[in-house]
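J.: Chains A and B supply the protein sequences, listed in that same order. Quick note on my numbering: the first sequence kicks off at 1 and runs consecutively. Quick note on my numbering: the second sequence kicks off at 256 and runs consecutively.
Bear in mind the hints are in silico, worked out from the structure with no lab data behind them. Backbone N, C-alpha and C fix where the C-beta goes; we use that ideal spot for every residue, glycine too. Be careful, since some hints might not be right.
[Unchecked claim] Some, not all, of what chain A presents toward chain B, calculated at C-beta under 10 angstroms: (1) ALA45; (2) ALA57; (3) PRO73; (4) LEU124; (5) LEU126; (6) GLN130; (7) SER166; (8) ARG230.
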Amino acid sequence: MVLLLVGSAIGCAFKSAKMTALHPLSPQQAIAQEAIIGLHHPDPAEAMSNSVLPSIARILSPKRLSIGSCAGPIIKAPEVILATQKELKHRLGGIFQHDLSPYFTAHSSLISAEDMARYNAPGLQLSADQPAIAYTHFQCSWQSWSLYGLGEPGRFQTVFIGREISAGEALDSTGMVSKAMLPTLLQALREACPKLDLAAMRDRSAEFEVNGLLGCWELDGLRVKVGVRRLEDAEVVSLGGRYFLGVRVEWGAGN
Amino acid sequence: MAIHGEQQSNAGPQHASAPEAEGVSHAPAPFQLSADGASSTAVPANPVRGSMAAPPFQLTASTLAESEGETESHQSASAAPSALLADDAATGADATAGGDASVSTTPNINIVGPSVDTVDFLSSHAMQTYGGDMKNNPLWLTGSVTHAAAYTKNATPNVNARIGLGAGSVVENVTEATVRVLDGGREVGRKDRASITPTLVDVTGLTLTGLSGSDAVRSTNNVLTWQVTIDGNTWVSLGNSGSHLLYWLEGAPTTAAVKNYAIARATAFANGSGDVPGAIRTGIRSVVNYDPADAINPDPLTVFTDGIGICTDFGNLLTLLAQSVGFTANTVMFFGGFESLGRNIWISRGGNYQNLTNVNALDNAYHPGGGATGWDFNYHVISRINGALQDAALNRPGYDAQAVHGGKIVHLLELAPGTLPAAQTGVVYDQIVPRRPHTVAVTLREYGDMVTLAAFDATNLLALNVPEAMASPIDVGVGWAAGANLPAGLAFDAALGRLTGTPTTAGNYDFNVTTAGAGLSATGAYHMDVTTP
Chain A
1 MVLLLVGSAI GCAFKSAKMT ALHPLSPQQA IAQEAIIGLH HPDPAEAMSN SVLPSIARIL
61 SPKRLSIGSC AGPIIKAPEV ILATQKELKH RLGGIFQHDL SPYFTAHSSL ISAEDMARYN
121 APGLQLSADQ PAIAYTHFQC SWQSWSLYGL GEPGRFQTVF IGREISAGEA LDSTGMVSKA
181 MLPTLLQALR EACPKLDLAA MRDRSAEFEV NGLLGCWELD GLRVKVGVRR LEDAEVVSLG
241 GRYFLGVRVE WGAGN
Chain B
256 MAIHGEQQSN AGPQHASAPE AEGVSHAPAP FQLSADGASS TAVPANPVRG SMAAPPFQLT
316 ASTLAESEGE TESHQSASAA PSALLADDAA TGADATAGGD ASVSTTPNIN IVGPSVDTVD
376 FLSSHAMQTY GGDMKNNPLW LTGSVTHAAA YTKNATPNVN ARIGLGAGSV VENVTEATVR
436 VLDGGREVGR KDRASITPTL VDVTGLTLTG LSGSDAVRST NNVLTWQVTI DGNTWVSLGN
496 SGSHLLYWLE GAPTTAAVKN YAIARATAFA NGSGDVPGAI RTGIRSVVNY DPADAINPDP
556 LTVFTDGIGI CTDFGNLLTL LAQSVGFTAN TVMFFGGFES LGRNIWISRG GNYQNLTNVN
616 ALDNAYHPGG GATGWDFNYH VISRINGALQ DAALNRPGYD AQAVHGGKIV HLLELAPGTL
676 PAAQTGVVYD QIVPRRPHTV AVTLREYGDM VTLAAFDATN LLALNVPEAM ASPIDVGVGW
736 AAGANLPAGL AFDAALGRLT GTPTTAGNYD FNVTTAGAGL SATGAYHMDV TTP
């Protein structure tokens, strides 16, 4: 009897570990850049900028989903990474209760040193965002999903969960974005971030066209937004044949 | 007889732009001049300033040369000032004989401690003060720190002036005199019949012609020297006025609520250049750094305070400064795409909003990192000044750029209404309803005084992210709908805008087709004939 109970406990633990198993992100799973499908209204603040260099404002642009990598110089700031992990655990729970530190890096800037150098010329000036200590970034895989996160503890956090989907899953018969995969995505979100309760949040989904966002919910400065995008590979620009489905959870920086 | 007065003001030239404390009046040095031309050796303990003995004048040529010093002003040695001829004839003998002063009618002035109190520059271009620049008052007062006036270049300002005369000044038997103004030692204006009393010289409507620096767009600080005469020969100093901060503009400002600060900066940049728009453009770029990610300043002049701006700031600021000094100017945005249904349509590189590439300056210094390659932009804002394009951010005239998807054809919402190919009953028909083709190109759109953040909102802008390798034509997915009166037997595919089927009834058909997307819609009227084979 005792053995049976122990065996049952071992089985539950095994199941839980399997559900929350995190792995390094493979290049095939990378979701680096996104493109909104079809004609759309850009966020004025993002469109006004004549630079594609990352900034907090651009990262938190209302329709932006993916996070990608952080090109800023890597620095050692374990205490900042720990603070971000605590923030994610508190807000999201689920897989963020586990130690994700192997997948974290800390960065002194959002912008690469190479890009910064391009502005180091007379008459040019780049007003780049600066962290108090460091920005934190993580990327890994969970189940079939790619996970990314970028933030600065106490200032803002963004978490992205997404995966590549087929054109048939991404688009309907008119060539516009399909809602077919939305339930699958929301189920993954519930498993990954059980502390989120979309039902308790204000549903702003109707404010967006489907190619902008399939859904958007807000509560107390926390925002959840889901959508489908064309997947843009930084190295090879596809002919529009790759798509992804993703959810972004974000808060802070004035939200 | 002796003429007592002050130093003649025909002395050496003064520099109009020489820095001087504003509002300083320059007191003339005393001197005495005898009728025979010999300088007096006696200087009164209490110098008698500006004293001129009454006619008859018996001045020698040498006297005149010393007192007048200007060939064109020389008069016959025996000539008396015309304004005084009557008095001269009637009283000359008594005056010469030193008759009873209490009954003398001989004109006589003895000016002590003159001071130019006010000079009012009339009909100048109005200016509002801005920021800490308080110089917008065309009325100059001694000690004033708010004085400035703006005129179109080559203008001849009319001024009113009041010159106070010190206690002890004597003005007898004369109520009018001639006043002249020198600028840098050169006469720039003269007014006859100026009112003169023992306390005041009052000048109205004196026209200043050829003021130093007035021939081009610039700012000047002119110091004016004032003199008076009652005989037309001997000029007595009334002191100086100024410096007068004068802005010389291309024309009347073309913007409402002209700011003095804008005029000050623009005229300083222009500084007499033959290419004023180019000089202002270069001047802005020399003091403002360029940041393609900077936020747009709602007030372009604050860019000077920031010292940093996005291209829109440069375009807005250059436009404002050009308007402020009298040019016709507006802002211009260009981008890679086209206009459709009143919106700018950006056809962007996949994954971001870049739709322009190789946006080049003439000088590599204005490229990223000072390299040979120009910028990739979402858009670029420049100015059109008197019809010519000026790019302040990249400091160049005109523009040089390419659209990322230049030359590609895009089918968007707008339809190409007309007659569709005819059909026959019993014969399969398959026709996509045509849309208007748009060619992607560097597209210029004219704006007004400013390009604001509103230029990027939903009412002005739509974007289409297209992979760079995507082939032309690019058929953008939109929603379709067909109206009533389609030929019997034909169906409309609302996903693709396609008419398919087999017509069953001959006839002439007119119907509408509508497209919709991104909150916009377009309708086209189509005609179709169905005949019997």
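J.: Now look at each hint and say whether the structure bears it out.
T.: Quick rundown of the hints versus the structure:
1. ALA45: holds (8 angstroms)
2. ALA57: holds (9 angstroms)
3. PRO73: violated (18 angstroms)
4. LEU124: With Cβ-Cβ at 6 angstroms, under 10 angstroms, it holds.
5. LEU126: Hint holds; A/LEU126 Cβ to chain B Cβ min 6 angstroms, cut 10 angstroms.
6. GLN130: violated (14 angstroms)
7. SER166: violated (17 angstroms)
8. ARG230: This interface hint holds because 7 angstroms falls under the 10 angstroms limit.
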